[in-house]
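Since each chain sits alone in its own frame, please combine them into the complex, following the hints.
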Amino acid sequence: MTAWFMMATWSPYIVGAGIGILIWTTFLLSDRPLGCSTAYAKTAGMAESVISRRKSEAMPYYQKFTPTVDWQWMIVIGVLMGAFLSAYLSGTFTLLTVPPLFAAEFGTDSLFRSLVALLGGILMGMGARWAGGCTSGHGISGTLQLSLASWVAAICFFAAGILVAGLIYGFTFL
Amino acid sequence: MEFEQLRSDKRAQIVLGLLTGIVFGFLLQKGGVTAYGVIIGQLLLTDFTVVQVMLTAILVGMPGVYAMKAAGLVRLHYQTGSVGATVIGGLIFGAGFAILGYCPGTAPGALGSGSLDAAIGMIGIALGAGIFARLYPRLNRIVLTRGTFPAGTLPELLGVRPGIVVIAVGILIIGFLCLLAILGF
Numbered sequence: 030m031t032a033w034f035m036m037a038t039w040s041p042y043i044v045g046a047g048i049g050i051l052i053w054t055t056f057l058l059s060d061r062p063l064g065c066s067t068a069y070a071k072t073a074g075m076a077e078s079v080i081s082r083r084k085s086e087a088m089p090y091y092q093k094f095t096p097t098v099d100w101q102w103m104i105v106i107g108v109l110m111g112a113f114l115s116a117y118l119s120g121t122f123t124l125l126t127v128p129p130l131f132a133a134e135f136g137t138d139s140l141f142r143s144l145v146a147l148l149g150g151i152l153m154g155m156g157a158r159w160a161g162g163c164t165s166g167h168g169i170s171g172t173l174q175l176s177l178a179s180w181v182a183a184i185c186f187f188a189a190g191i192l193v194a195g196l197i198y199g200f201t202f203l
Numbered sequence: 133m134e135f136e137q138l139r140s141d142k143r144a145q146i147v148l149g150l151l152t153g154i155v156f157g158f159l160l161q162k163g164g165v166t167a168y169g170v171i172i173g174q175l176l177l178t179d180f181t182v183v184q185v186m187l188t189a190i191l192v193g194m195p196g197v198y199a200m201k202a203a204g205l206v207r208l209h210y211q212t213g214s215v216g217a218t219v220i221g222g223l224i225f226g227a228g229f230a231i232l233g234y235c236p237g238t239a240p241g242a243l244g245s246g247s248l249d250a251a252i253g254m255i256g257i258a259l260g261a262g263i264f265a266r267l268y269p270r271l272n273r274i275v276l277t278r279g280t281f282p283a284g285t286l287p288e289l290l291g292v293r294p295g296i297v298v299i300a301v302g303i304l305i306i307g308f309l310c311l312l313a314i315l316g317f
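Just so you know, the sequences run in chain order Y and C. Mapping of the first sequence onto the numbering used here: position 73 corresponds to residue 102, and the numbering continues sequentially without gaps. Mapping of the second sequence onto the numbering used here: position 159 corresponds to residue 291, and the numbering continues sequentially without gaps.
Chain C with its partners taken away, still in its complex shape (with noise of 0.2 Å):
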């Protein structure tokens, strides 16, 4: 692949991850959604916000990424879950994420827009995650490999070709969006 050079420069890796996390960042704070009053709300359903800005980068992203995966130019990077580890971990996640108000990614964007409390949630996720990490050959064992997920993608969890869901959940998309929209969200 042709970008095989940059993609193994790990000096460069470092850059480009400053600059993306500058733009994601950016993007987050002018969506408003590093407003711990923004997550909130959506939890408790009276503002879209959240899902607005998920939904449109998951419909603009994903054919995108089809398309460079068609053309050999990239690589998918996606794990199979199981219910041991998804749901549950999922399932904390949430309960997190509404006692908290951030995530991971929106808790730096909210301390950079002056939330301070935000730099305490993000203490708490990387304890959370050391947590995690000591618990983790035990946890391994025990649970996170129960009931492991039939299929990779959804893709194949159908027996469909890629291209066909790509269509099919970008058509689901901008149904959900417009529904949102004609609710008054």
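Bound-form chain Y, shown alone (with noise of 0.2 Å):
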């Protein structure tokens, strides 16, 4: 059992079938779809209330979503810390501010990934708020309700993704 938590990957068939599982306990015992999105636009919301608490009270998406530490939140610090164990476990936890195949593509300059870092994350966060989801609250979640508008956001999210990394890393598979 112990050999199995150290181990540095598991089956990808394992690892959805696990997610599939605790997405039954999340629609249970929470009443929530799992998704990880909203937490950044509360975390946004916490972020403009520290500049004008009456300003972002006012603001009507922080009347949909409240900037609160909820459920919501608590999932992205634990998957953070969820994946620091399992990456402590299996011996696999590297620091590196520049993923290798960046590095070989685009060199080692730690500045450059993080401006790079910083623009894919500004467009997801907008794309994420303005479909309603991200990979795992449409993606997984919604999908599993058979949800229309989360195959469709699912498919769009991977023909722009396919289409921008093939702009930025060449079509490998053409």
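By construction, these hints were calculated from the structure, which means they are not laboratory data. Hints may contain errors.
[What the hints assert, rightly or not] SDA-like cross-link-like pairs, simulated, lysine to any residue; straight-line CA separation at most 25 Å: (1) Y/K93 x C/D141; (2) Y/K93 x C/G279; (3) Y/K93 x C/N272; (4) Y/K93 x C/L267; (5) Y/K93 x Y/R82; (6) C/K142 x Y/V79; (7) C/K201 x C/R139; (8) Y/K93 x C/A283; (9) Y/K84 x C/N272; (10) Y/K93 x C/G284; (11) Y/K84 x C/I263.
[Said to hold, decoys possible] A few chain Y residues that don't get close to chain C, going by computed Cβ distances all over 12 Å: (12) M30; (13) R83; (14) K93; (15) T121.
[Stated by the list, open to error] Rough simulated footprint, nothing fancy, chain C against chain Y, three-plus residues with beta-carbon under 8 Å: (16) 95 to 109; (17) 124 to 137; (18) 171 to 181.
Glycine included, C-beta positions come from ideal geometry on N, C-alpha and C.
In structure tokens:
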């Protein structure tokens, strides 16, 4: 059993099945689908309310998604802890500022990678809230409820992702 | 419902959120999908780990959630999308996905595995969400409600019983996963 927890990787089917079962529990115990991007909107709302509480409370979006530490927000903290636990147990925890694939193509300048990550993050944060969910909220939790919007969103995530990744790295599959 | 009390207990939900996140993060890291190279590999169609994880999660999650719904234990939570919200937002998200190389769930997982660039990505995601919140009243008026979808779920769209769609989607997913395996992924 412990050897299993110390393995560097598990089969994607085991991991997927585990996530599927985890979502049963979120519906049953918390009456929620599993999603991650709402937490970022809440964080942005917390930052806004530090600047001006009155202004942020008047913003319609933060009336829909109240900037508070709740179930949604704790998910992201938990993911960070769970991933650390997994990486630590398997001895694969490695500090890096530039992922190897990125470094092989664009060099090891961590400032450049940071700027690219910031730009990608901004687009992703806007897109996630624009579409009403991310790879987990739409891509897994929504699609498994057979939500039409979630299937369309997931197809759009991958369509644009494949196009832009191809423009960055070249369309290797062609 | 039997679980109402637990569901409305804010303190218990904060603990449950943390525990759920820990299990989710552990699984994502063990699946390898917290690695930039694996996510970009998926988008370059050279590595299908991300799709294998997602489709298996749907394959297992879907019948469980629908069975619990049939038993009156859970409610579904989905939104009716639109071209203006779902398609445009989805395409913007996809572009960000390829540029960042993590998503809102795998970014904290990557950070937990030691990838510090994911922290910058997470700041970016929060900034992007904040920009969207500021633009929300205007976007909601101009674009988000354009081209509302004709149905909330696939069974409604197709006009068939949910159970049949669950089985059909399950078979399609198994078929696709087998195809990927045959192709050597």
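Cross-check of the supplied hints:
1. Y/K93 x C/D141: 20 Å, holds
2. Y/K93 x C/G279: 22 Å, holds
3. Y/K93 x C/N272: Satisfied, since the Cα-Cα distance of roughly 13 Å is no more than 25 Å.
4. Y/K93 x C/L267: The hint holds at about 14 Å.
5. Y/K93 x Y/R82: 16 Å, holds
6. C/K142 x Y/V79: Since the Cα atoms of C/K142 and Y/V79 sit roughly 23 Å apart, the hinted pair holds (cutoff 25 Å).
7. C/K201 x C/R139: 16 Å, holds
8. Y/K93 x C/A283: Given pair Y/K93, C/A283 holds - Cα atoms ~23 Å apart, limit 25 Å.
9. Y/K84 x C/N272: 19 Å, holds
10. Y/K93 x C/G284: 20 Å, holds
11. Y/K84 x C/I263: 14 Å, holds
12. M30: Non-interface label stands for Y/M30: nearest chain C Cβ at 14 Å, farther than 12 Å.
13. R83: Non-interface label on Y/R83 holds, nearest chain C Cβ at 15 Å vs cutoff 12 Å.
14. K93: 8 Å, violated
15. T121: About 7 Å separates Y/T121 from the closest Cβ of chain C, which leaves it inside 12 Å; violated.
16. 95 to 109: holds (count 12)
17. 124 to 137: Check passed, 8 qualifying residues.
18. 171 to 181: Since three or more residues must qualify, the claim that chain C covers the region 171 to 181 of chain Y holds, with 11 doing so at under 8 Å.
Hint violations for this structure: numbers 14, 15, all remaining hints satisfied.
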